[in-house]
Structures are given as structure tokens and as C-alpha cells.
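Protein sequences appear in the order of chains A and B. When we follow UniProt numbering, the leftmost residue of the first sequence carries the number 1, and every step to the right adds one. When we follow UniProt numbering, the leftmost residue of the second sequence carries the number 1, and every step to the right adds one.
To be clear, the hints were calculated from the coordinates, so they are not data collected in a lab. Note that the coordinates shown come from a computational prediction; the quantities given were computed from them, not determined experimentally. A hint or two may mislead.
Copies of the same chain are indistinguishable here, so a pair counts whether it falls within one copy or spans any two.
[Claimed, not checked] Listed below are the simulated DSSO-like cross-link pairs for lysine-lysine, each with C-alpha atoms no more than 30 Å apart in a straight line:
(1) Lys66 with Lys97
(2) Lys66 with Lys33
(3) Lys52 with Lys66
(4) Lys97 with Lys36
(5) Lys33 with Lys97
(6) Lys52 with Lys36
(7) Lys36 with Lys65
There are 2 protein chains.
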Amino acid sequence: MAKSSTPTETEWGIESLIAIFQRYAGRDSNNRKLSKTEFLTFMNAELAAFTKNQKDPGVLDHMMKKLDLNSDGQLDFQEFLNLIGGLAIACHDSFIKFTHFQK
Amino acid sequence: MAKSSTPTETEWGIESLIAIFQRYAGRDSNNRKLSKTEFLTFMNAELAAFTKNQKDPGVLDHMMKKLDLNSDGQLDFQEFLNLIGGLAIACHDSFIKFTHFQK
């Protein structure tokens with residue numbers, strides 16, 4: 001967003017979200033959506049700390065279905081952001097509980 | 001999220017969003033919400049490239065009201081993420097249009 005100066009942390013974060021989505025969505029011919037295969041690749045590469053702790057082998061299938069709001073079998077950028085937002089809120093809630101517990 | 005290894009870019013991005021929110025929301029006694037003053041400080045510090053280009057002096061007031069879904073005069077983390085998500089989608093759409101134009 002800033003054209004000639006160093007990006008702020010927020011600008012960097014936004015650019016990073018776009019770059020991550022493009023990196024995984026661009027693995028097949030359609031770089032506007034994450035296919036199921038691309039979603040699984042993304043989850044196992046980027047969020048392995050989450051996926052490794054899941055005992056239910058169907059958890060990623062279930063997540064994909066829940067995130068795929070228009071049921072087209074793929075995730076667009078908005079649907080991908082809902083995943084990131086959901087994880088961020090869960091982490092933030094844990095952070096608030098932890099700091100509250102420490103007081 | 002990863003405890004003992006280097007965070008992935010996605011994990012880093014999520015942690016960064018939480019840290020940014022905490023940095024600005026923690027400027028007064030309530031670190032769970034961005035007050036109007038904290039929101040303005042955040043926008044002018046982190047998204048100056050956006051705010052500087054606005055000709056309408058009321059644009060930040062209008063944004064705050066639109067983001068404040070429960071109308072409590074403050075932004076919680078979910079409402080803050082809606083702002084980040086909206087900006088990310090706008091940037092992503094521009095990126096897609098630009099790459100499409102280049103082909």
C-alpha cells in the first residue's frame with residue numbers, strides 16, 4: 001500500500017496474507033481459488049502445529065466444507081480469510097485468558 | 001502456535017495481527033477494545049498511505065461507525081479483523097486485475 005516507503009507492520013501483514021494465498025492457490029491453473037488439494041497442502045505446510053494435534057482424520061474435510069460458504073468445492077480469498085480470522089480470534093481469546101489468569 | 005520451531009509465515013501473520021491489535025488497544029485501561037482515539041492512532045500510524053489519500057475528513061469517523069457492528073463506540077478484535085479483511089480483499093482484487101491486465 002505504501003509505495004515508496006517501508007511498509008508498516010499492518011501493511012506487511014496484509015501483503016503477506018495475499019502472498020500466502022497466491023502461493024498455494026497458484027499451484028494449479030486457477031490462482032483465484034484454493035482447490036481441496038491446495039487447501040490440504042496449505043494446512044499441512046503452514047498450520048502443521050494445528051493439523052498434527054488433530055485426532056479426527058476427517059477434521060480437514062470438515063473444515064473445508066464449513067469454510068466453503070458457496071459450496072463450489074474451492075476456497076476463494078474471502079473464505080480463506082475467514083479461516084485466518086477464526087484462528088486469530090481463537091489465539092487472541094487464549095491470549096486474553098492467559099493474561100487475565102496471570103493477574 | 002508452533003511452540004518449539006520457527007513459526008510459519010501464516011502463524012507469524014496471525015501472531016502479528018494479535019500483536020498489532022494489542023499494541024493499539026492497550027493504550028488505555030481496556031486492552032480488549034480499540035477506542036475511537038486508539039482507532040485513529042492505529043489508522044494514522046499503520047495505514048497512513050490510505051488515510052493521507054482521503055479527501056473526505058469524515059472518512060475515519062464513517063469507517064469506525066461501519067466497523068462497529070454492535071455500536072458500542074469501540075472495536076473488538078473481530079471488528080478489527082473485518083477492517084483488515086476488507087483491506088486485504090480490496091488489495092487482492094487490485095492484484096488480480098493487475099495480473100489479468102498484464103496477460
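Violated constraints from the hint list, given by number and in increasing order | none
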